[in-house]
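Protein chains: 2
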Amino acid sequence: MTRVLKEPEERKAEIMDTAQELFHIKGYEATTISDILEKAGIARGTFYYYFKSKDEIMNAVIERGIAEQIQTLMPIVENNNLNALEKLKQLIVENDRKNAENADMLAYLHQPENIVMHQKSLIQGVHQSAPLIAQIIRQGIEEGRFHTEYSLELAEFILVGTSFLFDSSIFHWEREEYSARMKALADILETTLRTEQGCFKFLHLLAKKT
Amino acid sequence: MTRVLKEPEERKAEIMDTAQELFHIKGYEATTISDILEKAGIARGTFYYYFKSKDEIMNAVIERGIAEQIQTLMPIVENNNLNALEKLKQLIVENDRKNAENADMLAYLHQPENIVMHQKSLIQGVHQSAPLIAQIIRQGIEEGRFHTEYSLELAEFILVGTSFLFDSSIFHWEREEYSARMKALADILETTLRTEQGCFKFLHLLAKKT
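Protein chains in written order, with our numbering: chain A, 1 to 210; chain B, 1001 to 1210.
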């Protein structure tokens, strides 16, 4: 009788799936490594072969989740028929739509007991998205549309500002406060990218979702 | 024999002092309400007369701490001999100096177990500082120096960006990465305030402290 052995990468991904499910159901703090072992049906040694700690598997789960989310946006980033402004616009609108669609799934990150995981996921989001946004800004510079010496640093600053300021579990804006901040964001993008006034006016229409 | 009764505000402040000390020594998560009662020498009913929960006393401690820090900066805000740009410069430099001076005291907020308290204190800092910065921006507009329709929203965006991006427990920059981001910040301020290029060049000199 032969046993079908799993590839290490496949095994690792399965353990991450299990952990992710538990973090989702029980919350990060309340989930123990023993919970993960039991649900995954693996020995403690197997877990430690792949991960040093609960913190490490949480980071792996977050990085994978962000990478998957970014992957779904890549068709926009790589679309040669779009200019830099069109790309930014489509990315923002599509990301906004996806966040609204996944609101239920993201709700657990907004629980007070998952604040560590939530903050790490915002930071990972900034680190992973900034180079892509910077690449689009550089495309806009080549097109003569944008003008800045700080494509990466500006991308980071805008991503940090928007990720934290527009996160409903961090800042609690009324509908009108939110709207005023989206208008300000349009102005911030237009001035820092030294581009035409009104380019980012579509942001005025992105209303508060929840 | 007469007993000297304490005024309620004084009593409340003393309980907050005790809680603050315990949060500092043991960390927020590890401190229980019983710890606070014991150290303050008060009955449970007295605590609940002033605070609904540990979360509420934490918020009160944070708000008071931020208010005190802002108070030390008020002589700059209220100095009629300074123009708006000079005020912003002095506030940034003085705040940077104070943070370096208080690095030891602030270190406990950077412990992973105090992340809830730390995030709340960054948010409180933004909420309490933004109106002051907005007031200085409006002074600059009157002086014909700055030009924006979004003084408050811009102040918030800049404060959120800088508070989170330059917090050493959230983003870990090497010295050169930090320096590039300070240069970008100068550019962001100059463009969003539509002011003279080079006005915020002093930021290039604010080196990474820790």
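Derived by calculation from the structure, the hints in this document are not laboratory data. A quick note: this is a predicted structure, and the numbers were derived from the prediction, not measured. For every residue, glycine included, the Cβ atom is placed at its ideal position computed from N, Cα and C. Mixed in with the good hints, there may be bad ones.
To be verified - Result set (DSBU-like, lysine-lysine): computed pairs, CA atoms no more than 30 angstroms apart in a straight line:
id, chain 1, residue 1, chain 2, residue 2
1, B, LYS1054, B, LYS1026
2, B, LYS1026, A, LYS52
3, A, LYS183, B, LYS1006
4, B, LYS1054, A, LYS26
5, A, LYS183, B, LYS1054
6, B, LYS1089, B, LYS1052
7, A, LYS54, B, LYS1026
8, A, LYS201, B, LYS1183
9, A, LYS89, B, LYS1183
10, B, LYS1039, B, LYS1052
11, A, LYS39, A, LYS54
12, A, LYS26, A, LYS54
13, A, LYS183, B, LYS1052
14, B, LYS1052, A, LYS26
Stated by the list, open to error - Pulled from the structure, derived: some chain A residues nowhere near chain B, Cβ distances all over 12 angstroms:
id, residue
15, ALA40
16, TYR50
17, ALA67
18, ILE76
19, ASN79
20, ILE115
21, HIS118
22, LYS120
23, ILE123
24, GLY161
25, ARG181
26, ASP187
27, THR192
How the hints compare with the structure:
{"no.": "1", "hint": "LYS1054(B) - LYS1026(B)", "verdict": "14 angstroms, holds"}
{"no.": "2", "hint": "LYS1026(B) - LYS52(A)", "verdict": "26 angstroms, holds"}
{"no.": "3", "hint": "LYS183(A) - LYS1006(B)", "verdict": "50 angstroms, violated"}
{"no.": "4", "hint": "LYS1054(B) - LYS26(A)", "verdict": "23 angstroms, holds"}
{"no.": "5", "hint": "LYS183(A) - LYS1054(B)", "verdict": "37 angstroms, violated"}
{"no.": "6", "hint": "LYS1089(B) - LYS1052(B)", "verdict": "40 angstroms, violated"}
{"no.": "7", "hint": "LYS54(A) - LYS1026(B)", "verdict": "23 angstroms, holds"}
{"no.": "8", "hint": "LYS201(A) - LYS1183(B)", "verdict": "27 angstroms, holds"}
{"no.": "9", "hint": "LYS89(A) - LYS1183(B)", "verdict": "27 angstroms, holds"}
{"no.": "10", "hint": "LYS1039(B) - LYS1052(B)", "verdict": "18 angstroms, holds"}
{"no.": "11", "hint": "LYS39(A) - LYS54(A)", "verdict": "15 angstroms, holds"}
{"no.": "12", "hint": "LYS26(A) - LYS54(A)", "verdict": "14 angstroms, holds"}
{"no.": "13", "hint": "LYS183(A) - LYS1052(B)", "verdict": "38 angstroms, violated"}
{"no.": "14", "hint": "LYS1052(B) - LYS26(A)", "verdict": "26 angstroms, holds"}
{"no.": "15", "hint": "ALA40", "verdict": "25 angstroms, holds"}
{"no.": "16", "hint": "TYR50", "verdict": "22 angstroms, holds"}
{"no.": "17", "hint": "ALA67", "verdict": "19 angstroms, holds"}
{"no.": "18", "hint": "ILE76", "verdict": "25 angstroms, holds"}
{"no.": "19", "hint": "ASN79", "verdict": "28 angstroms, holds"}
{"no.": "20", "hint": "ILE115", "verdict": "5 angstroms, violated"}
{"no.": "21", "hint": "HIS118", "verdict": "9 angstroms, violated"}
{"no.": "22", "hint": "LYS120", "verdict": "10 angstroms, violated"}
{"no.": "23", "hint": "ILE123", "verdict": "6 angstroms, violated"}
{"no.": "24", "hint": "GLY161", "verdict": "4 angstroms, violated"}
{"no.": "25", "hint": "ARG181", "verdict": "5 angstroms, violated"}
{"no.": "26", "hint": "ASP187", "verdict": "6 angstroms, violated"}
{"no.": "27", "hint": "THR192", "verdict": "5 angstroms, violated"}
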